[in-house]
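A.B. asks: For reference, the chains in residue letters:
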Amino acid sequence: MRSRKMPTMKRPIIAMSVLALVLGAGACSGGDDGGGTAAKPTNCTNKIVHPEAKAVSVWAWYPNMAKVVDNFNNAHTDVQVCWTNAGQGAPQYAKFQTAISAKKGAPDVIMLEADQLVGFEIQDALVDLAPYGANDVKAKFSAGAWKDVSQGDAVYAIPVDGGPMAMIYRTDVFTKYGIKTPPKTWAEYAEAAAKVKAAGGPNFGDFGSNVPAVATALMIQKGANPFTYDLANKQNITIKLDDQATKDVLNYWGDLATRKLIGTEDQFTTDYIAGVVNGKYATYVSAAWAPGYLTGAGVGSGKEKGKFAVAPLPQWDAGAPVSVNWGGSTFAVTSQASDKKAAAEVAKGLYADEASLTDGWKTQTIFPLNQDVLKSEAFVNNKVEFFNGQTANKDIYIPAANAYQGATYSPFTVYYYAQLQAQIVKLNSGKITGDQAATELQDIMVKYAKSQGFTVQ
Amino acid sequence: MAVIRSTPPAALRDSTGVPRATAPPRRRSPARRGAVGWLFILPFLVVFAVFLVAPLLYAGYLSLYTKGLATGTTFAGIDNYTRAFTDPSFLKGLWLVLRFSLVVIPLQMIVALVAALVLDEVTGRLARFSRLMIFLPYAVPAVLGALMWGFLYSPSFGPLEQISSLFNVQAPFLLSQGNIFYGLLNVVTWQWSGYYMVIIYAALKSIDSSIYEAARIDGASSRQIALRIKVPMVSSAFVLILVFSLIGTLQFFAEPQILGPIANGSVTPDYTPNIYAFNLAFAYAQFNYASAISFALGFVVFLAVAIFMVATRKRGSIFT
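As they're listed, the protein sequences go chains A and B.
Heads up: the first sequence begins at 1 in the working numbering, then just goes up one per residue.
Heads up: the second sequence begins at 458 in the working numbering, then just goes up one per residue.
Please note that the accuracy of each hint is not assured.
Selected chain A positions facing chain B (Cβ under 10 Å, derived; list incomplete) [unchecked claim]:
hint, residue
1, S101
2, P202
3, T264
4, T269
5, T270
6, D271
7, A274
8, G275
9, N278
10, T363
11, T408
12, Y409
13, K426
14, I432
15, F454
Hints were generated in silico from the structure; no laboratory data involved.
Here the structure is a predicted model, which is why all the values come from computation and not from measurement.
Cβ coordinates follow ideal geometry from the N, Cα and C atoms, glycine included.
The task is simple: from the sequences and hints, build the whole structure.
C.D. replies: Laid out in structure tokens, this is it:
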């Protein structure tokens, strides 16, 4: 039989295509960094009302952003917003990060969560708004909210909304399993969880690995202070993730998870929302904007209507309650903005008018930080439909927001959250204890900070 | 896919003793012919240079520098590479894709080979329909395929859950920490087997049927024909498939990246080397180190392919 030898001429071709494929392995990720979504003010999601005015490009993902942008554009003749939804949270940050590295393609104004600000400030990606009149609107916000967006005298963003945390729970599940009053402490929470589970009930809550911001907030509630950082002294950072408070909180949730008293599903997924609808979780430890997102996802309608209520966040020491925050966003001006004055005007004015804010809090997609709203009669006494007419703002969220002290974030929040998430996955599966998770997290973060050129205290 | 044709064109079949066709009377000079050849290659060459060579050179340049959040950019030489090959995240990801390759490649080959042999044997409408059906998953983009599997694996909506709830048992979550390896294995096998089947099938179709006839006259059974004649005769197609799937699997990215958000944290940011490089660059803003990781991965892929080529070197090898 003839040998299966390949024709001689074909060999170089194959060798070349193999080589090309191999080279492609390297090109995949390394080669893309030159790109970036050019946010030209000509390609807007919204309609420009005054085409002759200066256009400012904005990236934001608020659910009612279309209305907010229209409100702004109708009210301004000198400047117009050109809005794009570049993704919610992480995907948008990735695009912004790419644009920063590429030195082009960033929008003029960008929506950023408060915990992300320092990471971009240190890269000189954001503009100090103090020279552009940021302090004109300072009086509208609480000292804690203003502290989250400023570094000394510099103001890097204008706050819009916050996320005071509380415990949302299902009244039908509580009644069925005889939980008469919502747990006030975490000890009571664990007790109630065991009771419901022993009676064949659903998970009492959920400790999803993809909400590391919640875990961090709960750690801070116990007295942890993960990061101490000041941009004025930008080489120095203090990291304290292996303190007793962090260990206690991680041990607490790890224990509930391994005893199967709570779920360990990731949140915001279709499966999780379906679980919330079907009563798979008795409580949802979450922020003030959560009801809006749940409503948007179809929770609390139909036969589920009126089955949700809210109670203050359980405490470690009922005598000395601590309030914590999850999420909440701001508008910042990027250093790539061509007209920084116009951009600053947008950052100050966007989602700051009464019509937009009212729309936001009525749909509960935001918990506004604007004091005019927080003190308004309509907001305070609002009977929240999702909570079956409960005056949730007055009873739960406003006190929580007022008691919030503010937090200090690290310049590498994205990396920290990814590492915490990996630890929570291991913790939830019972592979490690809370003590081990905290120690490992501390080691990883210290090593990372050093590799980034920080001096770690 | 001209490269896998097992029968060379007639003009090259020197062994048959047939003389080559006589040269055309007016022959252009070799130089002129070369120039025309380059002209034909030019469109490809431009795209190749702009979208592959240039980014590669730029990434190579980036990988020699290091940038810290607090320090700014400094020249690092090969520091990023020594760091990469001692980075537990990178090594862990590498180990995962190597293990994955060891399982998924033989699995895909067996599925593809069996399907191709069966389809080569049977004829008719059902055979044509089956061929299309087996190939179809490859026509579905990897991202869409992964999204569909996300639904199929869903513990609330998926068919797996619905079937097992009929028997009152809890369906296994195929993306949990313990199961995700197998969950992804299933997705990738489904996605690629059809493509490899077509390659083998095409090679089978080009075998001269008189060989089978001769084998039958010699008393060979269908099974013997399949194992003793067909399989050896399409072995050059195997080499190609192996190289393709080895390169593809070592660069594993799309499926775990898409299924990650619903996998309850099973897909870590350093799950595979490519996912790690992606996150380093676009989430942690470490473009320099990400470039080094990419090159390190490229080097490992090159090494793996080279080792494989040497191991399977026969007279028909690609690198002689």
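A.B. asks: Each hint needs a verdict: does it hold in this structure or not?
C.D. replies: For each hint, the structure was consulted:
Interface restraint check for S101(A): the shortest CB-CB distance to chain B comes to about 6 Å, inside 10 Å, so the restraint holds. Checking P202(A) against chain B: minimum C-beta separation of about 13 Å lies over 10 Å; hint violated. Taking 10 Å as the C-beta cut-off, the interface hint given for T264(A) holds, the closest approach to chain B being about 6 Å. The closest approach between the C-beta of T269(A) and any C-beta of chain B is roughly 5 Å, which is under the 10 Å cut-off, so the hint is satisfied.
Look at T270(A): its Cβ gets to within about 7 Å of chain B, closer than 10 Å, so that hint holds up. For D271(A), the shortest C-beta to C-beta distance to chain B is roughly 5 Å, which falls under 10 Å, so the interface hint holds. With 10 Å as the threshold, the beta carbon of A274(A) comes within range of chain B, its nearest partner Cβ sitting at about 4 Å, so the hint holds. Annotation: interface hint on G275(A) holds; nearest CB of chain B at approximately 7 Å, less than 10 Å.
For the restraint placing N278(A) at the interface with chain B, the shortest Cβ-Cβ distance is roughly 8 Å, inside the 10 Å limit, so the hint holds. Checking T363(A) against chain B: minimum C-beta separation of about 25 Å lies over 10 Å; hint violated. Interface restraint check: T408(A) against chain B, minimum CB-CB distance 16 Å, threshold 10 Å, status violated. With 10 Å as the threshold, the beta carbon of Y409(A) stays out of range of chain B, its nearest partner Cβ sitting at about 13 Å, so the hint is violated.
For K426(A), the interface hint holds, the least distance from its beta-carbon to any beta-carbon of chain B being 9 Å, beneath 10 Å. Because the closest C-beta pair between I432(A) and chain B is about 13 Å apart, greater than 10 Å, the hint is violated. The beta carbon of F454(A) comes within 5 Å of a beta carbon in chain B, closer than 10 Å, and the hint placing it at the interface holds.
When each numbered hint is compared with the structure, violations occur for hints 2, 10, 11, 12 and 14.
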